[in-house]
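Colleague: Sequence:
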Amino acid sequence: MRMTVETTNETGGIPAVRETLLGPRFRWVSIGMFALVFLAAFESMAVTAVMPAVAADLDGRALYALAFAGPLAVSVIGMIVAGNAADRGGPRLALYTSVALFVVGLVIAGTAVEMWQLVAGRLVHGLGGGGLTVALYVIVARIIPPGLHPGMFAGFAAAWVVPSLVGPFVAGVVADSAGWPWVFLGVVALVVPALLMVVPSLRGLRSGTNGERPPWSVSRIAWATLAGVAVLVLNLSTEASGWAAWVLPIASIAVIAIAVRPMVPRGTLRAVRGLPASVLTRGALAGAFFGTQVYLPLLLTGEPYVLSTAMAGLVLTLGGVAWAIASQVQGRNPVRLSNERALRIGLVLLGAAITMSLVATLLQLPPFAFMLAWTLAGGGMGLMYPRTTVMGLQSSTDENQGFISSAMTVSDALGAAVAIALTAIVYAVLLPSGSVVAVAGAIAVALGVWAVALFAGLRAHAEPPARAATTVAA
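The sequence shown begins at 1049 in the working numbering and counts up by one.
Everything labelled a hint here was simulated from the structure, so no lab data went into it.
Owing to the predicted nature of the structure, the values given are computational and were not obtained by experimental measurement.
Some hints here could point you the wrong way.
To be verified - Each pair of labels, with its calculated beta carbon distance range: (1) 1161 with 1354: 26 to 32 Å; (2) 1226 with 1383: 45 to 51 Å; (3) 1380 with 1152: 34 to 40 Å.
All C-beta atoms in this analysis are idealised placements derived from N, C-alpha and C, irrespective of residue type, glycine included.
Kindly produce the complete structure, drawing on both the sequences and the hints.
Modeller: Here it is in structure tokens:
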């Protein structure tokens, strides 16, 4: 986060000052945004680690996948609303509302006595988390100079370092001692101070428009709601039987494909070269990575490994650390390591990691094999994720920053949610053959999603804003 950029005076383009993200001008807003991402990261890493224990305590194994996919599904609604609000009048209201929902969701989940209540809290939390991500992206675009964007997004990735180092382990210790509810409730007290660091920089923030506010996109919000509902139905189809067990998944996927089109650039589902392919790549990467990751703690805490929650979380720790380190590497080499090259190296690492995880599961290799595989996966994601964000923002203008930011995060959420739902279906079908076989089937589905990411990633690149604007859905 210590990248510098030169600003110029108004008379001759002479460098006047070298600004940094931690310099006087951007210090508090950078730290505040970093802290908000940090807390969201801690919650994500912690929940992934403790969810097997939560599901066992609340007798909610049937809702295990929904507890992950549900928040991602409803986050799409928050993303679209926040993006539209940011384009209309700036990101302030979107940020404040998102943080409030984030906190309320944590409280509901932390006080749950049944699995359905925990899922409900996760849904509220997901709605706020989706809006929070978009709001932060727009704040970066409006406040932080473009030359500092790679460093800022590297900083966001670095916000996963400490949660990755201590999050899963601490969450496991807390769950084993004080109880899993404190994994949720402990985050609440830290969110407000982080928000207060960002508030001063938002005062008087320009809306990004030239005096004309774009209308509320009611249709886009409606499509987002439909997509979210379809993802929830897709997850719940694991409990269906007979003809419904086949019809519901197919119908849900068809509805998702139709509903997502107004929320992303034209040609996204076809991986049209440029911005559309970049957006699709984001979703497929999220699906492949998280579609595998959510099953690793479940595998390692069950037969034949029977590791503690804290030890199983070490796999996630290594992946998160590698993600953060790789993000720092790409942030320090924005010119020498091009967007396309970073993306291709990352794709190879992620594909190798998922393949290794599948082989390790089938052969029941020692836990070290999963640690090595997920370290590679994290490194690949750390190289790719910041660069796909940069490609999106490089293709945007003040008038469509909210749309493109929301499109990228919508792709993240729906890609991960759909992949987790599909893995859940395969897991449920194969579970009678044993948990190891079921997890292997789920990881095989994630490997298929990675193949989609590979196809789209080879076609992804930043576009001139004027050209990219022709692909933005109306």
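Colleague: Now tell me if each hint is right for this structure.
Modeller: Hint-by-hint comparison with the structure:
1. Distance hint for residue 1161 and residue 1354: a CB-CB separation of about 27 Å, consistent with the stated range 26 to 32 Å.
2. The hinted window of 45 to 51 Å between residue 1226 and residue 1383 holds, with their beta carbons roughly 48 Å apart.
3. A hinted range of 34 to 40 Å for the beta carbons of residue 1380 and residue 1152 is consistent with their spacing of about 38 Å.
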